[in-house]
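Protein sequences, first through last, are from chains F and V. Heads up, the first sequence is in the working numbering, so the first residue is 1 and it goes up one at a time. Heads up, the second sequence is in the working numbering, so the first residue is 1 and it goes up one at a time.
From chain F, some residues computed to sit far from chain V (all C-beta separations above 10 Å): (1) P23; (2) K59; (3) A117; (4) N155; (5) V169; (6) S192; (7) A194; (8) R195; (9) L200; (10) G232.
Below are the DSBU-like pairs computed for lysine-lysine, each with C-alpha atoms no more than 35 Å apart in a straight line: (11) K230/F - K257/F; (12) K320/V - K246/F; (13) K257/F - K320/V; (14) K244/F - K320/V; (15) K320/V - K61/F; (16) K249/F - K320/V; (17) K352/V - K3/V; (18) K434/V - K3/V; (19) K246/F - K233/F.
None of these hints come from the bench; they were simulated from the model. C-beta: ideal position from N, C-alpha, C; glycine also.
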Amino acid sequence: MSITNLLENWSDFRHQHPSEDRPHLEYKWAMSIDLDSCTGCNACSVACYAENNLPVVGKEKFAHGHSHHWMRIERYWDNDGREFADQGAQFLPMLCQHCESAPCETVCPVGATNHTADGLNSQVYNRCVGSRYCNANCPYKVRYFNWYDYPTTDNVWPAPMEQQLNPDVTVRGKGVMEKCTFCVQRLTVAKSDARTEGRLVLDGEVQTACQQVCPTGAITFGNLVDPLAKVGKQWMQQQVDLNKDKQAKDAAEDAVKLRGYRILEELRTYPSVMYLEQLRESAI
Amino acid sequence: MEKDIREDIAWAQINKDVLKSLESPRRIYWVILLIAIAMVGVAVGCEIYQYQTGMGVANKNNSHVWSLYIATFIFWIGMSHSGTLLSAILHLMHADWRKPIYRFAEAMTTFSLMTAGLFVMVHLGRLWQVYYVMPYPNERWAWPNFQSPLVWDMFAIATYLSSSVLFLYVGMIPDLAICRDNIHAGWRKKLYTIMSLGWEGTDRQWRNFRMTYLTIACFLIPLAVSVHSIVASDFAMSNMPGWHVTSFPPYFVAGALYSGCAAIITLFIILRYVFRFEEYMTLPIMRKLVRLTFAIAMVWTYLNLIEFASVWYGHDQTAKDQLIFKATGPYAPYFWAMIFFGSILPLMLAFKRFQTHLPILFVVSILLNVGMWLERWMIISPSFAHGHYPWAWDHDQWPSLIQWGMVFGSFGWFTLLFMVFCKVFPSVSMYEVKEMVYHRSLAQKHKPAVKGDY
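The shape of chain F in the complex, shown without the other chains (with noise of 0.2 Å):
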């Protein structure tokens, strides 16, 4: 283990630029969110729960902010000095953002979370020694950590409801942080499948859990790179750049017609999810 393998072997591993510097080839996963199609109806949240193992740990837990809700449906409400709100709250699906340049990345002590050579930020669960510096720095709060062990836990998967877990999915013990992952349990199998024919994955190929059961179709799932994918285009319509950290919309005076923004951006972690702005009648 010499020092020069030591520095070589450390710039692939670590990888963290956004992607001008080490560009994606072949693929980079990017989501996009339609503000304006979300109902609010929590089928995402609940998709996640089924397909990621994520542990249901009751409402007292939950009061006490230990929830595993990788997604979550935020509520805000626009009162403007009224009692109520005259349109009802937003709503707003928050996941991690898979940041190109992640800020959860550069503090684990033990290199347990990483970028991926596909634009996933991954997390290495049998890596993890549970110093939960990933969740201080994340600047969206979209870590959770296991607080409890509750796959020995009783009432979260009583007999026999151990029996519909994932077996795609690894179901994490205590002390271990853990987060969305963009279905990578499904990217994998299609990558798999991808390469058996010669090919890339095609758009539409593969889908993450949320994007599959949302009713309106508010979730687009696919490679950046690929120039017919969905996502892709969605992106170049709202001039939404992947290695900007301001976008059109927030420049120009007549972007009106723009929807798109990535989630504190100013803070230059480049998020790999785009939302798109809600339209409300005062708006228009």
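On the provided structure of chain F, position chain V as indicated by the hints.
Using the frame of chain F, we list chain V on its own:
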């Protein structure tokens, strides 16, 4: 001017007085020891429960992932700094008055580092995998992440701990030889014989000893500054509002020296009483110590104001909101208590009449440390309660009794280690006190004609 120490104490008397502390302390020593053991028991119980059940029992949650453990960790790291200040920095500056009190300050450094190290462990979700943080050769080529301030922490603390243990030990060798020569049988004889490394006090030994001691002292000073700067980087390197502050490293170092000096005052008073060290831990020395503490308190206050001002006049609205939240939100009572204990209360120390009033100093020095502990807590928790993302804002959270129990127990653990040390090893440096007395008497004999020349 008052004398730091009487120059007519015989050398044999110094030996006798200090060695007596190894044998017959006042009865209150045993009371303190018992209380300390009971406190450690509480913490051990809490840790066993938490280890088995999961971190959830500490009542942290997904936005408040850090809490009292990290706050108390910084507190103990901070405490460890004054030992180095007294022994290394004042040693280089030839401040004579440090001689009777530096030994226990150094012991304090070592033991508070040991306490701090425990909090890192207690904090981890998977304590049993803690060795992943260390770079060790393994067939999977899995290295720690050298970019992470937590890894720097691990290196810094391990280095500081081993160096300060070495410093404490090396400085003690001539005294251990005195112990060896004055005890005739038993396990202590064996212990001192082994630890004094055959010290005979020859010229050559003294010369090498001085050189070694000076070298370690010089090595330790930058280390001490860097350790707390690195702990500060845990926060300054992150992007959380309230943490992302450039002035954190000096601010942390000042806070560290501050709480350390306050702790030295507390322990000074306890040791002076328990081991009857009135001849050595004199009031004039206390006065100098109090003045030093006062000066550092003002430095800390200044850096605090700088931090507030730079946030207030900066462009980061989130950080500004965070500061307002701290001062007016649910944490306001603790925030203002910190300002009171940290900046207002030490103003008392500027008055001469309080500088040697031991009962008042005892209470004040403890309160100063309460303030410094609050400071650490006020760095950690409010940032989680009011960060960048609004979803986390309504997650109020109060540390559970498990956390408080662990914090409580850590004081017992520190006291236990410290008290055992003072009973087994000479907590006043005999050879340096002799030097001090000798220089004093020399100065007395050749009193210069011009007043105030020496």
